[in-house]
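Respectively, the protein sequence lines represent chains A and B. The first sequence maps to residues 142 to 615 in our numbering. The second sequence maps to residues 126 to 364 in our numbering.
It cannot be assumed that every hint is accurate.
To be verified - Where chain B lies over chain A, by a calculated footprint (3+ residues, C-beta under 8 angstroms):
(1) 194 to 204
(2) 296 to 310
(3) 525 to 535
Calculated from the structure, these hints are not laboratory results. Glycine is no exception: its CB is placed at the ideal position from the N, C-alpha and C atoms.
Spelled out from the first residue to the last, the chains are:
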Amino acid sequence: MSRTITIDPVTRIEGHSKITIQLSDDGQVEDARFHVTQFRGFEKLSEGRPFHEMPALTARVCGICPVSHLTASAKTCDALLAVTPPRTARNLRRIMNLSQIIQSHALSFFHLSSPDLVMGMDADPAKRHLFGVAQAKPQLAMDGIALRKFGQQIIELLGGKRIHPAWIVPGGVSHPLSAEDRDTILAMVPEALVQAQRTLDWYKSVFGQFSDEIRTFANFPTLFMGMVNPEGLMSMYAGKIRIVNAMGEIVADQLEPSSYQQWLAEAVEPDSYLKSPYYKPMGYPEGIFRVGPLARLNLIKACGTTRADEELAEFRGLQRGAVLSSFHYHYARLIEIIYCIERIRNLLNDPDILSDHVRAHAEPNAFEGVGMSEAPRGTLLHHYKINRDGHIEWVNMIIATGNNNLAMNKGVYQVARNFIRGEKIQEGMLNRVEAVIRTFDPCLSCSTHAFGQMPLQVQLLAPDGAVLDERFQA
Amino acid sequence: MKRSSKASIKTLKIDGIDVAAREHETILELAQENGIFIPTLCHVEGLSEYGGCRLCMVEIKGSNRLLPACMTTVEEGMEVVTNSEKLQSYRTMIMDMLFSERNHICSVCVSNGNCDLQYMSVKLGMTHIGVPYLNPSVPVDTSHDYFVMDHNRCILCQRCVRVCGEVEWAATKGVMGRGINTRIIHDLNQPWGDSDTCTSCGKCVNICPTGALFEKGKSAGEMVKRRDWLPYLKLMHED
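Next comes chain A alone, as it looks inside the complex (with noise of 0.2 angstroms):
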């Protein structure tokens, strides 16, 4: 008897999912998917709305990440306005979207995945939470809420509120940094270097334990996808986007954001409502590719500051060519980490910092723009269309989850393949299933903002489980 085995809810991510495994006739695993069960309708109800209000708008798409639609919804509105932001603004904004990746980060890290570090795969889910970690390693629970905070607590100094802060908007920023403000975070700063050094190199001294994790958790090669300043060092605000292969050879480099639709393509599958971006050149599903820190620590040449380029060249170690297994995600998300603090201070200690020129103001010159920007979870990506009037006719965002669908899904099948043998199924086991999702960090609510045609699908089932009749719209 073939059966399948539903993970619903999957749990400790960001939204809603589940994962359906199909076991053939002898309880080998036939195939394992990831639905995307939650929908939300953002780009459609974003239509006839004056686009100045875009960046508040979308930044409501995420309470995690609401940083990271506000700066690339912004840049999309500069298209919009064709203006260039003073160049304070422009570091404003990249000091905001740096604190807002430490904090996810340090979310994903620490309150989603460390229990699976600390407690082990196999360990009681009953304990296997933030709390049990801040009752088995008080310092690394300490340190993760640390820099949570450190990271909420800059977005709030910036823009006067931790979560969906207005202070991004078309052409800069709303107001100026002021000398007390950028003191309070500069003497913030050493210590969230050492919460975060102290992390890493306790992560570095356990994850040899999980080698079977790390040999199945998404390790196939796929390409990568990011965005590189012209020096090929990292970007996460303003840059283009270059392309490397699992051999860490650069496949296309210093793409446009804006032609975006030359390269970049979105499939549509049956049976979630999330999106499948692939690399257009190769085809769909050849196209594969990851985003995120993963991706990101693969493709640049380097950080561009000293810690975390000391930690990016023993991360580079790892492997030849570009580090393939998904579990290194979670080492990824520390370096970068890291690098975000260092980069915060940089900017801070540059004598403009403190300008008051920080808005651009324009009528909209264009019609059409795009804005791209990196998020915590990889490439975020706004479209827009607007009339004379100025109001949004169509909108298209590719978001930084939807970017990994096709990697998490081939993962969950591996994972699934490696850990479910016969139809006796542990929690360890289930739980690897959803740990590999964990690993990219997926933030659903995010990624299930489309609307337009549902794609739906209707099943007319026998018994038997044979198919009698299919209903499909995409």
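Since the structure of chain A is provided, determine the placement of chain B on it from the hints.
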């Protein structure tokens, strides 16, 4: 609304408190002078009373119906109740319907944090609305060079219509339709930017209680209405 300087004094009770009023004064004006809160959204001192929002309804002893405080003049010996369970339930219902009828999404609104409707809903203790949202598809008029009219956020208080006609004397803004289909229009229901009569003075924008009227280019929470000229409205009339 000129008043005689020899107005006689009326004495009455509001919520059990003895108060003295000038002749022709409304209950709302009297209550405000005495620091007694009566909610209202359409009343602006210096403009004609419209009595449209119905939030200022009060109970008057001896009358079997509720009366709007902004339209009811004081009388000797009157006993007014400004707050009762019945009044609260009516006011809640009015707020429910205001929020249900259009699309008031504070979080992305230009007037978030500076909005009379938002303030009033907090003041009246609203936690949710008791009727379903209608989510109507309502247009946004951005044809004007400087200002935007977003009908999604309009509560039809007609402050803009009154200030345009009574103070600016342009009478650009008007009202069209009935009931739920009522809309604020410009001239003969044409795009605001095409209006021949609009002087672009901006009084309507600044007197609007919500984010329905705002300056172009403002992002969420950025529209702070300039109201410092409101105390001079009456003076403007008299001149």
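The hints, checked one at a time:
1. 194 to 204: Contact hint for the segment 194 to 204 of chain A vs chain B: holds, 5 residues under 8 angstroms.
2. 296 to 310: Answer holds; 3 residues pass the 8 angstroms Cβ test.
3. 525 to 535: holds (count 3)
No hint from the list above goes unmet by this structure.
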